[in-house]
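There are 6 protein chains.
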Amino acid sequence: MPEVYLNRKEHFNAAHRLHRADWSEEENNQIFGRCANANWHGHNYTLIVTVKGKPNPETGFIINLKDLSSIIQKEIIQKLDHKNLNLDVPFMKDILPSTENLAIEIFKILDPLIQAHHAKLHAVRIFETESNSVEYRGE
Amino acid sequence: MPEVYLNRKEHFNAAHRLHRADWSEEENNQIFGRCANANWHGHNYTLIVTVKGKPNPETGFIINLKDLSSIIQKEIIQKLDHKNLNLDVPFMKDILPSTENLAIEIFKILDPLIQAHHAKLHAVRIFETESNSVEYRGE
Amino acid sequence: MPEVYLNRKEHFNAAHRLHRADWSEEENNQIFGRCANANWHGHNYTLIVTVKGKPNPETGFIINLKDLSSIIQKEIIQKLDHKNLNLDVPFMKDILPSTENLAIEIFKILDPLIQAHHAKLHAVRIFETESNSVEYRGE
Amino acid sequence: MPEVYLNRKEHFNAAHRLHRADWSEEENNQIFGRCANANWHGHNYTLIVTVKGKPNPETGFIINLKDLSSIIQKEIIQKLDHKNLNLDVPFMKDILPSTENLAIEIFKILDPLIQAHHAKLHAVRIFETESNSVEYRGE
Amino acid sequence: MPEVYLNRKEHFNAAHRLHRADWSEEENNQIFGRCANANWHGHNYTLIVTVKGKPNPETGFIINLKDLSSIIQKEIIQKLDHKNLNLDVPFMKDILPSTENLAIEIFKILDPLIQAHHAKLHAVRIFETESNSVEYRGE
Amino acid sequence: MPEVYLNRKEHFNAAHRLHRADWSEEENNQIFGRCANANWHGHNYTLIVTVKGKPNPETGFIINLKDLSSIIQKEIIQKLDHKNLNLDVPFMKDILPSTENLAIEIFKILDPLIQAHHAKLHAVRIFETESNSVEYRGE
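Protein chains in written order, with the working numbering: chain A, 1 to 139; chain B, 1 to 139; chain C, 1 to 139; chain D, 1 to 139; chain E, 1 to 139; chain F, 1 to 139.
There's no promise every hint is true.
The list treats identical chains as interchangeable, and a pair is accepted whether it falls inside one copy or across any two copies.
Claimed, not checked - Heads up, simulated DMTMM-like pairs for lysine to aspartate or glutamate below, C-alpha to C-alpha not over 20 Å straight-line:
| id | residue 1 | residue 2 |
| --- | --- | --- |
| 1 | 66 | 128 |
| 2 | 120 | 139 |
| 3 | 52 | 139 |
| 4 | 66 | 27 |
| 5 | 79 | 139 |
| 6 | 9 | 81 |
| 7 | 120 | 58 |
| 8 | 52 | 128 |
| 9 | 79 | 3 |
| 10 | 108 | 3 |
| 11 | 120 | 75 |
| 12 | 54 | 94 |
| 13 | 108 | 75 |
| 14 | 9 | 111 |
| 15 | 66 | 26 |
Read the hints as simulated data drawn from the structure, not as lab findings.
Quick caveat, the model's predicted, so the values are computed rather than measured.
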């Protein structure tokens with residue numbers, strides 16, 4: 001039975017800031033540069049969720065895209081879209097909102113929910129800009 | 001000797017429908033939603049074929065892109081472009097045209113043809129829309 | 001008071017066919033080529049609606065994007081998405097579904113609805129593929 | 001002597017909020033929806049500046065792209081990138097940062113600077129997201 | 001009878017150099033910068049041709065896209081693709097290959113050919129890179 | 001400790017030619033086709049560098065993007081941008097500038113430099129055109 005990867009792309013627009021309260025402003029500026037701006041900045045983030053599994057012989061689906069999209073919308077997008085990643089998002093509380101950390105936390109949330117649909121979460125990719133993106137595969 | 005992956009992107013525009021004759025209309029609508037529309041709908045599909053191999057020391061090529069593109073055009077695109085995936089495509093006969101199943105069947109056709117050019121088919125990716133895509137690696 | 005153009009992009013996936021019943025198959029094939037395929041083909045259409053007006057001094061908006069998007073969704077996208085443009089769409093009845101004709105009919109529907117929101121419909125653009133698009137400005 | 005339009009695309013990432021202090025929260029939410037989020041949100045903005053003019057017979061240029069890009073970087077991008085449009089940008093002080101208003105203010109700044117290079121500013125376009133954009137032509 | 005704009009996008013890959021033999025190297029470097037590199041550089045150019053006209057009542061077409069694409073391929077793309085714009089292209093002989101000049105020369109070639117198909121050439125747009133593009137409307 | 005992949009996209013515009021001096025013109029044309037054009041042609045190349053590593057607990061970064069971008073700019077882009085890959089690039093001397101060979105040579109240069117920043121170079125991807133790309137993973 002063949003295994004196929006399925007990718008679903010979603011979008012959210014959010015504000016954030018890279019800054020450590022336990023560092024001096026000098027240290028913050030040296031490491032985080034313009035990303036440390038006191039009054040925040042923001043991005044149009046693109047999220048791509050990859051699920052791996054065997055197509056169901058009756059439907060030809062790894063997972064129904066309606067279900068996959070609903071899970072991502074409810075558990076991730078509604079909590080991130082038009083929010084401040086540092087202040088408004090419970091699952092990012094006390095976590096520096098680098099794209100790397102954001103991908104890891106999203107993976108942790110989606111992994112058991114995808115499993116409950118008899119498929120396997122393979123990867124979470126996030127584009128912060130067209131030029132900068134990360135991928136986390138749960139490894 | 002290093003191994004390199006080569007990707008070739010092609011396009012086809014096709015109609016299809018997700019529907020099982022052995023299910024009630026209610027079941028079809030519940031699982032396939034708007035994709036079950038009786039009079040079909042369609043997509044601009046994007047196909048990306050990935051070939052793996054060692055660059056030929058004389059040409060620097062894994063496989064000549066002219067050859068790779070010719071194979072994909074002749075064996076896949078000409079059979080899918082401006083067609084109905086449910087009715088017009090011999091290699092999809094009796095197979096539900098989900099993107100997953102389409103990727104698997106395309107892989108089966110291309111795999112021996114790429115081998116005959118001394119390279120290895122690594123993956124077939126299909127974008128049904130900008131948001132929904134699949135990848136099959138022959139595993 | 002300055003005048004600004006506002007663009008809103010939406011998507012629909014549909015099947016269609018370019019074919020005249022009053023022409024021979026030979027004539028149909030000569031003029032419409034692969035687009036005349038008897039069992040239909042389809043596209044991921046992109047629709048861009050351009051509205052022109054003066055920003056409201058209180059909101060900074062030409063028209064509220066929520067209202068504009070709702071109008072386009074209700075009057076256009078829900079009638080075209082996952083449909084057959086030749087068979088399923090009342091406003092395209094007896095009209096050959098070329099991209100040109102589709103843009104003209106969409107303009108006719110949206111024009112009075114945008115006016116009712118105190119703005120002016122400037123243009124309707126449709127991308128049938130990434131390479132082929134049309135624009136109608138009501139002239 | 002022919003007249004040509006030259007387009008230059010630049011990017012900036014910023015936070016903003018659509019909110020009026022003289023309105024109730026209910027009014028703000030009704031008109032601005034999620035864009036009124038108290039802790040801001042943000043976007044990857046794309047700015048396209050269009051200049052019109054006759055190509056210089058010696059260089060073939062309407063305006064030297066190095067000069068055009070320098071002007072846009074110095075006068076616009078450095079003031080907007082990684083900033084909060086409501087709090088950090090002198091030229092947006094007391095102006096609601098809708099995309100429409102942002103385009104108008106950018107046009108006002110660039111217009112005399114382009115004229116000083118013997119060309120004419122034709123339009124300022126801003127994409128707030130891939131789906132939402134505005135264009136201001138100084139009319 | 002409504003008038004519609006039809007856009008056709010094509011691609012060509014070419015080498016070029018911005019350099020005047022009657023200037024010193026210093027002048028060339030000051031004005032043309034890295035574009036003056038003695039051994040050339042190159043681009044993936046995108047060409048968009050816009051035709052304006054009334055849809056033919058029988059076909060719904062401004063101009064048959066097969067005819068438009070054939071004209072552009074034969075008269076423009078085959079003469080530019082995988083060529084050196086300074087050395088290999090008869091219609092650019094003795095013309096500095098700025099994107100502005102290239103658009104003007106392409107317009108001159110296509111204008112009478114489009115007219116012979118009972119439509120009007122409205123504009124020629126060329127993207128030299130994703131960030132830099134020009135448009136010429138024959139004015 | 002989780003491992004994350006970080007991707008950075010950069011661009012360069014270059015001329016090149018695929019041609020072997022030890023082959024007849026006939027052989028060159030048969031294998032390399034239009035890419036053998038005597039006066040060169042060129043591309044807007046896109047380079048994507050993928051680095052793998054564990055996020056630093058203090059910064060949330062695999063590698064600081066400023067450092068990664070500086071390395072790629074200094075060691076790769078400045079040597080390739082607005083250059084001739086056959087004539088101007090020391091690290092491509094005597095190497096046929098196929099995209100495959102270019103990716104391998106870039107990997108060799110970046111690998112030790114990324115290691116010096118306590119991360120691992122995972123892959124180098126190059127898009128020669130939107131349709132043709134390669135990936136080398138150092139295997």
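Hints versus structure:
{"no.": "1", "hint": "66 to 128", "result": "between (25 Å within a copy, 15 Å between copies)"}
{"no.": "2", "hint": "120 to 139", "result": "both (13 Å within a copy, 15 Å between copies)"}
{"no.": "3", "hint": "52 to 139", "result": "both (15 Å within a copy, 11 Å between copies)"}
{"no.": "4", "hint": "66 to 27", "result": "between (46 Å within a copy, 15 Å between copies)"}
{"no.": "5", "hint": "79 to 139", "result": "neither (25 Å within a copy, 36 Å between copies)"}
{"no.": "6", "hint": "9 to 81", "result": "both (14 Å within a copy, 19 Å between copies)"}
{"no.": "7", "hint": "120 to 58", "result": "within (19 Å within a copy, 31 Å between copies)"}
{"no.": "8", "hint": "52 to 128", "result": "between (24 Å within a copy, 17 Å between copies)"}
{"no.": "9", "hint": "79 to 3", "result": "neither (31 Å within a copy, 25 Å between copies)"}
{"no.": "10", "hint": "108 to 3", "result": "between (22 Å within a copy, 14 Å between copies)"}
{"no.": "11", "hint": "120 to 75", "result": "within (17 Å within a copy, 32 Å between copies)"}
{"no.": "12", "hint": "54 to 94", "result": "between (38 Å within a copy, 19 Å between copies)"}
{"no.": "13", "hint": "108 to 75", "result": "within (11 Å within a copy, 37 Å between copies)"}
{"no.": "14", "hint": "9 to 111", "result": "within (16 Å within a copy, 28 Å between copies)"}
{"no.": "15", "hint": "66 to 26", "result": "between (48 Å within a copy, 16 Å between copies)"}
Going down the numbered hints, you'll see the structure goes against 5 and 9, while the others check out.
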